[in-house]
Amino acid sequence: MISITNILIYSLFILSISKMSATRTAYKGNILAIIGMSVALIFGLISIKPEYQIYAITTILFGGITGIIGSQKTSISQLPQMVALLNGFGGLASGLIGISESINLTQPNFLQIFIIFTGCLTFSGSIAGFFKLSGLIKISDTETLHSTSIILLILSIIGSFYAYNGEIEYIISFALLSSLLGFCFILPIGGADMPIIISILNGLSGWCTTLVGFSIENSLLIIIGTLIGTSGSILTYIMTKAMNRHLLKVIFAPLNQHKEDTSQHTEQDIHKGTPQDAAFLMENAHKVIIVPGFGMAASGAQHELGNMANLLIQKYKVDVKFGIHPVAGRMPGHMNVLLAEADIPPEIIYGINEINPEFKTADIVYIIGANDTTNPLAKTKKDSTIYQMPILEVEQAKRILFVKRSLAPGYAGLDNPLFYEDKTLMLLGDGKEITKEIVTNLENDSK
Amino acid sequence: MEIYLIDILILSGFIGYFAIWNVTPLLHSPLMSVTNAISGIVILGALQSLNLSNNLFTTMLLLTAIFFASINIFGGFHISARMLKMFKNKDKKQ
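One line per chain: the protein sequences are G and F, in this order. Reminder that position 15 of the first sequence reads as 11 in this note's numbering, one-by-one numbering, no gaps. So the mapping is simple: this note's numbering equals the position in the second sequence, first residue as 1, plus 1141.
The hints are all genuine.
Ranges of calculated distance between the beta carbons of each label pair, as one might list FRET restraints:
hint : chain 1 : residue 1 : chain 2 : residue 2 : range
1    : F       : Asn1192   : G       : Ser7      : 19 to 27 Å
2    : G       : Gln310    : F       : Asp1148   : 56 to 64 Å
3    : F       : Gly1154   : G       : Glu439    : 50 to 58 Å
4    : F       : Asn1192   : G       : Thr138    : 40 to 48 Å
5    : F       : Phe1155   : G       : Asp418    : 47 to 55 Å
6    : G       : Asn240    : F       : Phe1159   : 22 to 30 Å
7    : F       : Leu1193   : G       : Asp137    : 40 to 48 Å
8    : G       : Gln310    : F       : Gly1154   : 42 to 50 Å
In short, the hints are calculated from the structure, not lab data. Given the structure is predicted, the values throughout are model-derived calculations rather than measurements. The beta carbon of each residue, even a glycine, is placed where N, CA and C say it ideally should be.
Bound-form chain F, shown alone (with noise of 0.2 Å):
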């Protein structure tokens, strides 16, 4: 099992690499603030472990995870829509 999914961690790395290496530098910034808000995907791990918490003081820390994760995303998301949006304007008019 744990050998899988090390399979996995080097195979992302190479996805990453070469998809990253391909972003324009003129879009660094939106990309920062999109790979940010994605990063919120951790959100499933405060998810899946709820399943498994056995007292109140832990579901408690996994509501809390769950409420900065979901600040995370949809602050995150929104952010990079207004930066990618001041991009997308400028194109249209050319």
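Bound conformation, chain G alone (with noise of 0.2 Å):
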């Protein structure tokens, strides 16, 4: 019985999971993954002893209840650090599996310890990141937490053999030893480092769940949590090959480690320009490449966004494409789902590869928001932390519209040799703002 529900629960998610391969049937394929969640949550329960039944129910419904209502109250600008969060509450509830069952087995094995230590580390690593993310925490001083990280590593490991004893007090000590070690090593990790940080984490909580399946011999977990690992694996690899960095450079490395370029340039050096002028542009253009960064979900200008591409479309039959950097964001996919929010249509959205050779024929770029990733020092100059990541090519326009709040340097903390180039027309301020004022130029220009 148990085993044809195993097969049933897992060939849903596989399902689930293959189903995210086209935007029409992704949606599909949640269903799916939530049927072959209910499917195991029922057999879980009916499972255990009865006495216990009640009890799991009411948890269950409460943990439900809170989860719905908390990522029901989260805006769309907010999913990065939701994630994040979810996250880290799998990895906690892992962790908390394998301290009771190192305390149940009175002499734990290398697996629970070691089930400890990720669970608590994806937990605490997670809830770092979420703080990060919804800017709770600044950090300044790298260095000094860079190098706690260390002595904590090393109290860790040494706490794991006090662990491997058995005694309560040990294995607590332990899993606080290992959440602290998760919170100070991401804890400094850069703004632009995050979409990687995240994808480690979610492979992380994955593969927590394959050895709490190892620990008590249950091999659904065990496939469950490695297709998870896989993911997040995969997404972390992605990642890594778009920025052009190793994982051991993000993680010991972070990009903003007191690296302030001294360029000598001054506002003088570079050609403001007003929404009006942008606006003019870019209805007597007949292609226009819009570049969103960071800078877009950190203004919300996603709809502005997606009005004034629609203006562009109808209006003034300019040929308008978008092009995301695969790490332009927070998260793997970042741009995507807020570009889907402000309803822009799939076809018009391009990756990194499709949309480099398009920039030689476009008479526009509208670059909001999105600094290292088209920063062509990554091309040129080989002691810069950014040196050959691969960029959208954006110099190659006619013209370049560059949307940014300020002219300090991006989170790479490196200028941008972009802004002080003839052809490009700095628009400095909100993004939102800016962009709403463009579409309202272009709703009153006369075709």
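Since each chain sits alone in its own frame, please combine them into the complex, following the hints.
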């Protein structure tokens, strides 16, 4: 009986993931996963001792309601931090299972110790990610945190030997040490590296499930955990590839580590434009490519951007395309979700490889809050942190409209030579406000 | 027993590998959110351990684990549904 439900559950989950290959079927994929989870929960509840059932059901209901209310209250712009937070709770659950298994077994083995370690690390790392993404914590002193992490790592390794004895006090202290380690470890990592970190943590929560599966000899947990673990690992690989950064470098050499670029440029060196100029230039263009980055997410400009694209296409018959860098934003695919929210059709959204040959023929590139992913220094400046990172080749376009809050460098702490080029018009200010004004101009101008 | 579980691990790794590379980059965020919710399956581990729990402390720990795993599951699926709905609606219009 159990094995038949197991087959049903993992088949549903595998099918669910394969439905994510196209936007058309993805929603169904989520429903399949929900069915799989419901079957799993029902059979899980049936198989436990009757005296525990009522407690378990109540707890699940409480947790479920909390989860649904919490995610209902989350706005689309808060998605990355919510994903991080939920991921942390999964890790916490594994960690707690590890602790209770260690205590129950009287003599824990290597596996339980490892579950406690990875579970607590995933939990606290995700919580650190959550704080960073929601802007609740800003880190200036990364070096202290780095040395603290190293001390904590050594302490955790020592602690793991003590925890091995099975004494409750040692096990709990070990869990706390691992949690502290995860927190200090993730906190100094730069915002631009967040897509990589979120993918790693996503994968880790899967591997935790696998470990729990080994510990309690449950093949279903091993299958599902491994599926998720591979998913997170592949996303990590795609993200590090897109940034051309080695994984170890992301963790040990954060981008924004006191790397103030000492460029001598001032505001006089740039050409400042107004939204009127931008509207005028774009309505007379044949082809406009829009490049959104984290700045669009931060200012919540996606709806205005959608209106702008719509007006250009409908009223002025401009060929409009969106170019998206894989690591733009704070999680994999972040920009795509925001553009979907603004009802921008997926046919005009292109990835880096498809859009790069198009810049040569583009009249205007409209860059909104994407500094590092368009920075030509990635090609030339050997000592820069983004050297050899594949970029969107916006410098090939005839004119560049650069929307940016200020002239401050991006997350990589690098100045962008594009700002000072003659063909660049800088639109300094809030991305949403500026795009809104452009839309108003586009509406009022006569064709 | 151990060997057979490792076989399962390796084979699932391969399935995951091929399934994930098929996912369109457009949907990487929802994919992460769905897999995140699915990882809440670890709740089964907590339920299974509950049967063997022999003192109040571990029972409380496991119930806490069940609580957080349920937040993960329900919140994760709900947020994935919200994300995917935006992609779905757009598809219908064309």
